[in-house]
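For the sequence shown, this note's numbering gives the first residue as 1, with consecutive numbering after it.
Careful: at least some of the hints might be erroneous.
Claimed, not checked - Just the calculated beta-carbon pair ranges, DEER-fashion: (1) Gln72 to Asp218: 31 to 41 Å; (2) Ile130 to Glu69: 30 to 40 Å; (3) Asp218 to Val246: 52 to 62 Å.
As the list claims (entries may be wrong) - Using 20 Å as the maximum straight-line C-alpha spacing, the simulated EDC-like pairs for lysine to aspartate or glutamate come out as follows: (4) Lys206 to Asp131; (5) Lys120 to Asp131; (6) Lys164 to Glu188.
These are calculated hints, taken from the structure and not from any lab test. No residue lacks a Cβ here, since even glycine has one placed at the ideal position from N, Cα and C.
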Amino acid sequence: MKRKDYEAALDPMREELVQMHRWLQHTGRRLVVLFEGRDTAGKGGVIGAIADGLNPRTCHIVALPRPSERQQTQWYFQRYVPHLPAAGEISLFDRSWYNRAGVEKVMGYCTQAQYEAFLKQVPTFERMLIDDGILLFKYWLTVDQAEQEERFAERAQDPLKRWKLSPVDLKSREKYAEYGVARDAMLEATHSRHAPWTLVNFNDQKRGRLTLIRNLLDRLPDCSVPETPVVLPPLPARPRKEKFAVLKPIPDFPAAGKR
């Protein structure tokens with residue numbers, strides 16, 4: 001999808017996202033969106049597209065590192081609970097508690113007993129969140145292996161993206177089929193009427209972002225909240241220029257061709 005077409009379609013959705021955020025703050029509702037999927041699918045990109053333009057004080061991106069030794073001894077869901085939203089807030093999880101059903105299962109980072117306990121407990125955990133009034137949406141981003149390999153190669157060659165390649169990613173490359181099996185087992189155990197999964201095709205990342213954001217907005221209730229207009233009264237005097245008594249700004253970056 002061309003960038004200009006993508007931006008033209010995204011701009012009105014950005015306005016709807018701002019309206020959605022205003023509705024959450026007006027009603028005190030809480031929103032949790034989980035983003036799971038294949039490595040390189042584009043979780044960070046769609047999260048950025050949603051969060052861009054929203055108040056970062058109340059729209060939180062949650063991307064937790066691997067659990068510490070202490071956290072590994074806690075109730076599995078415990079380290080995620082502090083990141084759940086308060087009234088009027090949004091939590092966007094860049095991977096979530098479903099790590100246990102994905103990378104931990106496939107790469108052997110949890111025991112079979114821990115994995116089975118998770119699949120049994122997670123529907124109850126999510127039922128508790130929803131019963132408490134949280135709006136919960138779960139998305140899985142799909143990408144074919146050939147496209148995934150192109151993105152891995154791009155990351156390896158681009159110094160600005162190389163940080164995205166973790167040792168786990170490199171080890172996971174050959175387990176594409178195993179991740180598919182684990183995903184299907186997860187869906188079978190955790191796709192429910194109260195907390196359904198939605199799969200989105202991200203072979204074209206721009207189109208995938210638009211598809212996901214449109215779906216998210218369409219699944220929410222009417223978010224119409226009258227916006228209070230902001231009126232800026234005139235200044236009492238002419239605008240002032242900056243004056244400096246202690247320090248001065250560093251020199252401006254030179255214009256093109258003048259360095």
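Evaluated hints:
1. Gln72 to Asp218: 31 to 41 Å: Given about 39 Å between the Cβ atoms, the range holds.
2. Ile130 to Glu69: 30 to 40 Å: 32 Å, holds
3. Asp218 to Val246: 52 to 62 Å: 54 Å, holds
4. Lys206 to Asp131: Violated, at roughly 34 Å.
5. Lys120 to Asp131: 18 Å, holds
6. Lys164 to Glu188: Roughly 30 Å between the alpha carbons, so the hint for Lys164 and Glu188 is violated.
In summary, the numbered hints that this structure violates are 4 and 6.
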